[in-house]
Amino acid sequence: MQVFTSLLVLSIVFAVSVITDIRTYKERKANSVISLAQVIETNSISPLQFDDNEAAKNILSELRSTAPEITNAIILNKKGKIFASYSKTNTDSFHIPPNLSEKNHLYTDDHLYVSNPIMNNNEVVGKVFIKVELTELQELIKSKYQIGVVLLFVALGCSFLIAVFAQAYISKRLLLLVGTMKEVSRTGEYNKTISDKGNDEISTLIRVFNNLMQQIKENLRRKDEFIGIASHELKTPLTSIKGFVELLLELEDEEQKKEFLQKAMANSKRLDKLINDLLDVSKIQSGQQLELNEKEFEIGVLLDEATAAFQMAQGHEIIREDNLNGQTVIADRQRIEQVLTNLLSNAIKYSPPGSKVVINGRKTTTDLIIKVRDFGKGIPEEEQSNIFERFYRTKDNSIHVSGFGLGLYICRDIIERHQGKIWVESQEKGTAFYFSIPLRGIMSNQQNVGL
Amino acid sequence: MLKRLLFFLLICSFAKTVLAQESVDEARLKAAFIYNFTKYIDWGTASDENNFVIGVLGSSLVTQSLQEIASTNTVANKKIVIKIFSKPSEIDNCDILFIPQKNSFSLQSVLDHVGKGVLTISEEEGFARQGTAFNFVIKNDKLKFEANLKAINSAGLKAGSQLLKLATIVNGDKKE
Chain A
0 MQVFTSLLVL SIVFAVSVIT DIRTYKERKA NSVISLAQVI ETNSISPLQF
50 DDNEAAKNIL SELRSTAPEI TNAIILNKKG KIFASYSKTN TDSFHIPPNL
100 SEKNHLYTDD HLYVSNPIMN NNEVVGKVFI KVELTELQEL IKSKYQIGVV
150 LLFVALGCSF LIAVFAQAYI SKRLLLLVGT MKEVSRTGEY NKTISDKGND
200 EISTLIRVFN NLMQQIKENL RRKDEFIGIA SHELKTPLTS IKGFVELLLE
250 LEDEEQKKEF LQKAMANSKR LDKLINDLLD VSKIQSGQQL ELNEKEFEIG
300 VLLDEATAAF QMAQGHEIIR EDNLNGQTVI ADRQRIEQVL TNLLSNAIKY
350 SPPGSKVVIN GRKTTTDLII KVRDFGKGIP EEEQSNIFER FYRTKDNSIH
400 VSGFGLGLYI CRDIIERHQG KIWVESQEKG TAFYFSIPLR GIMSNQQNVG
450 L
Chain B
0 MLKRLLFFLL ICSFAKTVLA QESVDEARLK AAFIYNFTKY IDWGTASDEN
50 NFVIGVLGSS LVTQSLQEIA STNTVANKKI VIKIFSKPSE IDNCDILFIP
100 QKNSFSLQSV LDHVGKGVLT ISEEEGFARQ GTAFNFVIKN DKLKFEANLK
150 AINSAGLKAG SQLLKLATIV NGDKKE
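As you go down the protein sequences, you meet chains A and B in turn. Per numbering that gives the first Met the number 0, the very first residue in the first sequence carries number 0; after that it's consecutive. Per numbering that gives the first Met the number 0, the very first residue in the second sequence carries number 0; after that it's consecutive.
These are calculated hints, taken from the structure and not from any lab test. From the three backbone atoms N, C-alpha and C, an ideal C-beta is built for every residue, glycine too. Please note: incorrect hints may appear among the correct ones.
Pulled a few chain A residues facing chain B out of the computed Cβ check, cut under 8 Å [as the list claims (entries may be wrong)]:
#, residue
1, Gln48
2, Phe49
3, Asp51
4, Gly377
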């Protein structure tokens, strides 16, 4: 685009200069030939007066040496008859152009015609006509074009180089900005800033962007702070409520009251879990480490416990298809249980009552992979990348499920702190969540045992 | 026979008119030349304050043509007057003296009566050498003229270069 613009400008400038040059040349040439004609005029007055065409012819033949570009010249007498003529090549083929008589000069494609009256004491005594060939002009034009083409290429090359450098300088920074924006909108890491040493519009843009990031970051920090304080403040009275309900439940004998207290207890537990999730999230957000209490434990036992808790309470059939009994891992048992509980409760929430939930597990050379699969609706592909974000709720309105949408976000954080991975595979006939935990020291132990 | 005679006469008369026509044309051209000479001569102080006088010695066809020119033109804003002198002794007070071909006077006798400041023009072979300023000659059927620079100078006149370049310059050695 820049190259094209500069090419256009250059062409116009060059065309103007060529046209001006040609015009100036033509004017100059016409003027010089007209003055020549005037010299001939002065010199041919007396030959005309004394009817001496030999003398007139001599005057004209001097043109051969003084003005070799003149091909033909004639002097007409008062009556308009040819008085003397001159031809450079001695071939007499001079036709006076019909429209010359009004003007004193006329340009045709390759010739210049000049006409000049011969005046003596305000009386026209004859006329001079001169025909000039314009080889010089044609050569001038030709050389102009040659120079023009060379110049055009040189300028084109230069402007291309400049454009490339300018583009590299401008585009690079713009692309960096765009890249950062994309990355921020993808990862949600609003603490990114871009450093730019320039002093132009782009650096202004980048400064504004950095300020915007700063503001967003500040707002997010305040929100997280609020969540942290709020959940902490909520938890204290709730713990007290839970404790007293529990106490009442032990003391109460009457069936109906006991049932009410159980419901109050169940809902207090749900509230407790929600508040715990919020506390977890606010810890994650504030950058505090969720401290992992890593110990070696048997994964099979954990799976048993987790399934048993759900098996009792819900109308789903939870099937363990793994073969991990006896397998140990080094991890935070409580946190891994939190992940399992989350995944299982999701599986139950999002699949119809009475359907199956399958837990599977396998071991690779480096990792332990646990799979929790349900036979529910599945997750649309376009939502799969978002489900691990905090506060993300499915857009499907037919499913009404309570919660903050924090479960999977916390799961991902826990698994990532274990250097593992969590991902989802979903088909029409249900969803499968996977997570992996690196085996680390265990593997070397086993290898040692094997040796 | 009679027819032939008539035819002969006819041809004769035709030839005569043709010849006459030729000499009239020649006379007209000479008159025009004489008038054009005036444009290239620096006349200095003129003989007559009001008129430019062209004298003709004796009768000539040129006289009539000169009169035609005189009626429509001027020389240096002065009226042109044609004077006819019948003999050299009458020559007086003129700017140009034209000496026609056919006259019964010797050139020397004419020149003796010509004062200073008079341009003499003749039309006889060799007259320029003998002391007239300009002399008409016919070369290749064209009217040309000779110029005697000494005669022009001694008359106290100056001829323009544009005029002289057309003239055949001769030396007036016989006058010396």
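Verification of the hints:
{"no.": "1", "hint": "Gln48", "result": "holds (4 Å)"}
{"no.": "2", "hint": "Phe49", "result": "holds (5 Å)"}
{"no.": "3", "hint": "Asp51", "result": "holds (5 Å)"}
{"no.": "4", "hint": "Gly377", "result": "violated (117 Å)"}
The structure does not agree with numbered hint 4 stated previously, though it agrees with all others.
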